[in-house]
Amino acid sequence: MADEIRGIAASNGVAIAKAYKLVDPDLSFEQRTIDNVEAEKGRLRAAFDASKADLEQIKAKALVSMGEAESEVFTAHIMVLEDPELSAGIEGQITTDKVNAEAALTAITDTYIAMFEGMADDNPYMAERAADIRDVTKRVLAHLLNKQLPNPALIDEEVIIVANDMTPSDTAQLDRNFVKGFITNIGGRTAHAAIMARTLEIPAIVGSEVATQKIADGQMMILDGLDGLAIVEPSGEQISAYQTKGNQYLAQKAEWAKLKDKESVTADGKVFMIGANIGTPKDLAGVLDNGGEGVGLYRTEFLYMDSKELPTEEEQFTAYKAVLEGMAGKTVTVRTMDIGGDKNLPYLPLPKEENPFLGYRAIRISLDRDDIFRTQLRALLRASVYGNLWIMFPMVATLPEFRAARKIFDEEKAKLEAQGILVAEDIKLGIMIEVPAAAILADKFAAEVDFFSIGTNDLIGYSMAADRGNDKISYLYQPYNPSILRLIKNVIDAAHDHGKFAAMCGEMAGDPIALPLLVGMGLDEFSMSATSMLQARSLMKKLDTTAMQALAEQALDMDTNDEVKALVESSINN
Numbered sequence: 001m002a003d004e005i006r007g008i009a010a011s012n013g014v015a016i017a018k019a020y021k022l023v024d025p026d027l028s029f030e031q032r033t034i035d036n037v038e039a040e041k042g043r044l045r046a047a048f049d050a051s052k053a054d055l056e057q058i059k060a061k062a063l064v065s066m067g068e069a070e071s072e073v074f075t076a077h078i079m080v081l082e083d084p085e086l087s088a089g090i091e092g093q094i095t096t097d098k099v100n101a102e103a104a105l106t107a108i109t110d111t112y113i114a115m116f117e118g119m120a121d122d123n124p125y126m127a128e129r130a131a132d133i134r135d136v137t138k139r140v141l142a143h144l145l146n147k148q149l150p151n152p153a154l155i156d157e158e159v160i161i162v163a164n165d166m167t168p169s170d171t172a173q174l175d176r177n178f179v180k181g182f183i184t185n186i187g188g189r190t191a192h193a194a195i196m197a198r199t200l201e202i203p204a205i206v207g208s209e210v211a212t213q214k215i216a217d218g219q220m221m222i223l224d225g226l227d228g229l230a231i232v233e234p235s236g237e238q239i240s241a242y243q244t245k246g247n248q249y250l251a252q253k254a255e256w257a258k259l260k261d262k263e264s265v266t267a268d269g270k271v272f273m274i275g276a277n278i279g280t281p282k283d284l285a286g287v288l289d290n291g292g293e294g295v296g297l298y299r300t301e302f303l304y305m306d307s308k309e310l311p312t313e314e315e316q317f318t319a320y321k322a323v324l325e326g327m328a329g330k331t332v333t334v335r336t337m338d339i340g341g342d343k344n345l346p347y348l349p350l351p352k353e354e355n356p357f358l359g360y361r362a363i364r365i366s367l368d369r370d371d372i373f374r375t376q377l378r379a380l381l382r383a384s385v386y387g388n389l390w391i392m393f394p395m396v397a398t399l400p401e402f403r404a405a406r407k408i409f410d411e412e413k414a415k416l417e418a419q420g421i422l423v424a425e426d427i428k429l430g431i432m433i434e435v436p437a438a439a440i441l442a443d444k445f446a447a448e449v450d451f452f453s454i455g456t457n458d459l460i461g462y463s464m465a466a467d468r469g470n471d472k473i474s475y476l477y478q479p480y481n482p483s484i485l486r487l488i489k490n491v492i493d494a495a496h497d498h499g500k501f502a503a504m505c506g507e508m509a510g511d512p513i514a515l516p517l518l519v520g521m522g523l524d525e526f527s528m529s530a531t532s533m534l535q536a537r538s539l540m541k542k543l544d545t546t547a548m549q550a551l552a553e554q555a556l557d558m559d560t561n562d563e564v565k566a567l568v569e570s571s572i573n574n
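For the sequence shown, position 64 (counting from the first letter as 1) is numbered 64 according to UniProt numbering, and the numbering increases by one without interruption.
Be aware that one or more of the hints could be misleading.
Computed cross-link-like contacts, BS3-like style, restricted to lysine-lysine with a CA-CA straight-line distance of at most 27 Å [unchecked claim]:
{"no.": "1", "residue 1": "K542", "residue 2": "K565"}
{"no.": "2", "residue 1": "K444", "residue 2": "K407"}
{"no.": "3", "residue 1": "K343", "residue 2": "K472"}
{"no.": "4", "residue 1": "K308", "residue 2": "K61"}
{"no.": "5", "residue 1": "K214", "residue 2": "K18"}
{"no.": "6", "residue 1": "K260", "residue 2": "K270"}
{"no.": "7", "residue 1": "K52", "residue 2": "K308"}
{"no.": "8", "residue 1": "K542", "residue 2": "K260"}
{"no.": "9", "residue 1": "K321", "residue 2": "K407"}
{"no.": "10", "residue 1": "K138", "residue 2": "K98"}
{"no.": "11", "residue 1": "K59", "residue 2": "K282"}
{"no.": "12", "residue 1": "K541", "residue 2": "K330"}
{"no.": "13", "residue 1": "K245", "residue 2": "K565"}
{"no.": "14", "residue 1": "K282", "residue 2": "K214"}
{"no.": "15", "residue 1": "K138", "residue 2": "K61"}
{"no.": "16", "residue 1": "K262", "residue 2": "K41"}
{"no.": "17", "residue 1": "K61", "residue 2": "K147"}
{"no.": "18", "residue 1": "K282", "residue 2": "K308"}
{"no.": "19", "residue 1": "K282", "residue 2": "K61"}
{"no.": "20", "residue 1": "K253", "residue 2": "K330"}
{"no.": "21", "residue 1": "K428", "residue 2": "K270"}
{"no.": "22", "residue 1": "K262", "residue 2": "K542"}
{"no.": "23", "residue 1": "K428", "residue 2": "K415"}
{"no.": "24", "residue 1": "K343", "residue 2": "K282"}
{"no.": "25", "residue 1": "K214", "residue 2": "K413"}
{"no.": "26", "residue 1": "K270", "residue 2": "K61"}
{"no.": "27", "residue 1": "K41", "residue 2": "K21"}
{"no.": "28", "residue 1": "K253", "residue 2": "K214"}
{"no.": "29", "residue 1": "K258", "residue 2": "K245"}
{"no.": "30", "residue 1": "K262", "residue 2": "K330"}
{"no.": "31", "residue 1": "K413", "residue 2": "K428"}
Keep in mind that the hints were calculated from the coordinates and are not lab data.
Using the sequences and the accompanying hints, generate a full structural model.
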């Protein structure tokens, strides 16, 4: 009988394929005393050879799918396996202590890892070496124990990924030709993996709690990203029914596609902007295919996360220039480096923190490490002449932070102009409103910034004191809670009182319940996953702004998230 698993619907669509468990096997072992030293050395060499063959295959696949730079990480892993000092040390341990290869391998590699990590504070390159050795050790150990390590880079048939979680880098590397969707144990709709799934246009379910326990590798399954339901070993009737449902969704998407070149306008003729959130220049195709009127959020941290070292000014300039040129004069809002929290860089070790989401991250790192910040700003300034550039600073909590960031921007602009390098004169500088303190003080900020972009994912989390990635408290992610709506209204009103622009780049901007309220509040720009834009434009066409203003006023005076949701649903559907 088919088994049903429910979770949070994170990315729309229906997929039917075999399960591929992206879960590391149990690599625990017992240390043993061995009699035949040469046989044990033979086991070790065979595991090294098999690991090297794995890595050469993975590298070849990565070279085709991700390019030369991304494939180089596997070259580093192969070099670890080819290091004669490492293999000699492990074999020496087997000989001296008469222990099994697993015990000798971990004893020697643990020593190397500890040594490199001890030097990481002074040399970030050493942290990379420690990570390389840790990854290689896991692969060799798996071969010694006859266990199979999962590797999505080697997938060559249609599958649905089943995992405890998906990191942003995991999700960014999925091949849409084969990976038809994914389901995870943990996470929420606003987790980065969910956002990336929507960017990749593959269905996803998160926060199921039990997917990896209840789904076996290779089992046939249905993934319904529309309703947050997975069905394991479905019947023929269920497969047929969900094929129909998937086709109906595709037909609906085709209807929305007819709005690609239309304005984002309400029933009574009020024009808004609908833009897209992107992570890399490669995402531009999706923006243009879905009729994006701008890029409301360019998450530049992926430039840093997809590199083995800090990206150079030239590398950043090339990426920013590509997006600005690709948007052909439409606004491109670039968020400066937003590292920290759940986005860390192996080559930029951050201090261990009990509450990293409340700690050293985003603008706080940029102002502290202004060498990194200045490099990014110089690249942006140089690229500005190729399009319509707006820059926003993330995680700003106080006016002095914005003023410090603007001062550094002005200094780098003056330096470039003194060198005779062309820079656009009309670059807008703004902030993301994601810290409640900034939302409350929006009237003061509005006097100094050029625009606001409301980052609702974090604003809601900080306001409700709830981790948005924790499915145990996902009920506290309440975008329609009147307290959140009042903060948003305060920000929009403050911007308009000072003649400034108010945008939103959080997932709430594309939410069909929130959108009518935001229209009523007068939000200027709605920026969302590219795949949500046409659906939002379709909904906007049916709304009357005067009626939405009254609806928003009513919602602001309600008591609970659920009351507001019911109000909007009854008003829009009637």
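How the hints compare with the structure:
With a C-alpha separation of about 18 Å, the suggested pairing of K542 with K565 holds against the 27 Å cut-off. This hinted pair checks out: K444 and K407 have alpha carbons roughly 18 Å apart, not beyond 27 Å. A C-alpha spacing of about 21 Å is found between K343 and K472, which places the hinted pair at or below 27 Å, so the restraint holds. In summary, the hint linking K308 to K61 is supported, as the alpha carbons are separated by about 19 Å, within the 27 Å threshold.
This hinted pair checks out: K214 and K18 have alpha carbons roughly 14 Å apart, not beyond 27 Å. With a C-alpha separation of about 18 Å, the suggested pairing of K260 with K270 holds against the 27 Å cut-off. Using a Cα cut-off of 27 Å, the hinted pair K52 and K308 holds, with the two alpha carbons roughly 21 Å apart. Between the alpha carbons of K542 and K260 the distance comes to roughly 16 Å, so the proposed pair stays at or under 27 Å and holds.
The suggested pairing of K321 with K407 holds, with an alpha-carbon distance near 23 Å, which does not exceed 27 Å. Restraint check for K138 and K98: satisfied, since their Cα atoms lie roughly 22 Å apart, inside the 27 Å limit. Distance hint between K59 and K282 is fulfilled; the C-alpha atoms sit about 21 Å from each other, no more than 27 Å. Straight-line distance between C-alpha atoms of K541 and K330 comes to about 22 Å, which keeps the hinted pair within the 27 Å bound.
For a cut-off of 27 Å, the pair hint linking K245 to K565 stands: about 25 Å separates their Cα positions. At most 27 Å may separate the alpha-carbon atoms for a hinted pair to count; K282 and K214 exceed this at roughly 35 Å. A hinted pair counts as satisfied when its Cα atoms are at most 27 Å apart, and K138 with K61 qualifies at roughly 20 Å. Proximity of K262 to K41 is assessed by CA-CA distance (about 69 Å); at most 27 Å being required, the pair is judged violated.
At roughly 22 Å between alpha-carbon atoms, K61 and K147 fall within 27 Å of each other, so this suggested pair holds. Of the supplied pair hints, the one linking K282 and K308 holds, its CA atoms being roughly 19 Å apart against a limit of 27 Å. A distance of roughly 19 Å separates the Cα atoms of K282 and K61; the hinted pair therefore holds under the 27 Å criterion. Among the hinted pairs, K253 with K330 is consistent with the structure: their alpha-carbon atoms are about 24 Å apart, no more than 27 Å.
Proximity of K428 to K270 is assessed by CA-CA distance (about 24 Å); at most 27 Å being required, the pair is judged to hold. A hinted pair counts as satisfied when its Cα atoms are at most 27 Å apart, and K262 with K542 qualifies at roughly 14 Å. Using a Cα cut-off of 27 Å, the hinted pair K428 and K415 holds, with the two alpha carbons roughly 19 Å apart. Using a Cα cut-off of 27 Å, the hinted pair K343 and K282 holds, with the two alpha carbons roughly 20 Å apart.
Taking the CA atoms of K214 and K413, the gap is about 56 Å. The hint is violated against a cut of 27 Å. For the given pair, K270 sits about 49 Å from K61 by alpha-carbon distance, which is inconsistent with the 27 Å threshold. This hinted pair does not check out: K41 and K21 have alpha carbons roughly 32 Å apart, beyond 27 Å. Taken as a hint, the K253 and K214 pair is broken in the structure, with Cα atoms around 32 Å apart against an allowance of 27 Å.
For the proposed pair K258 and K245, the alpha carbon gap of about 21 Å is at most 27 Å, so the pair holds. For a cut-off of 27 Å, the pair hint linking K262 to K330 stands: about 15 Å separates their Cα positions. Taken as a hint, the K413 and K428 pair is honoured in the structure, with Cα atoms around 13 Å apart against an allowance of 27 Å.
Comparing the model with each earlier hint shows violations of hints 14, 16, 25, 26, 27, 28; every other hint is respected.
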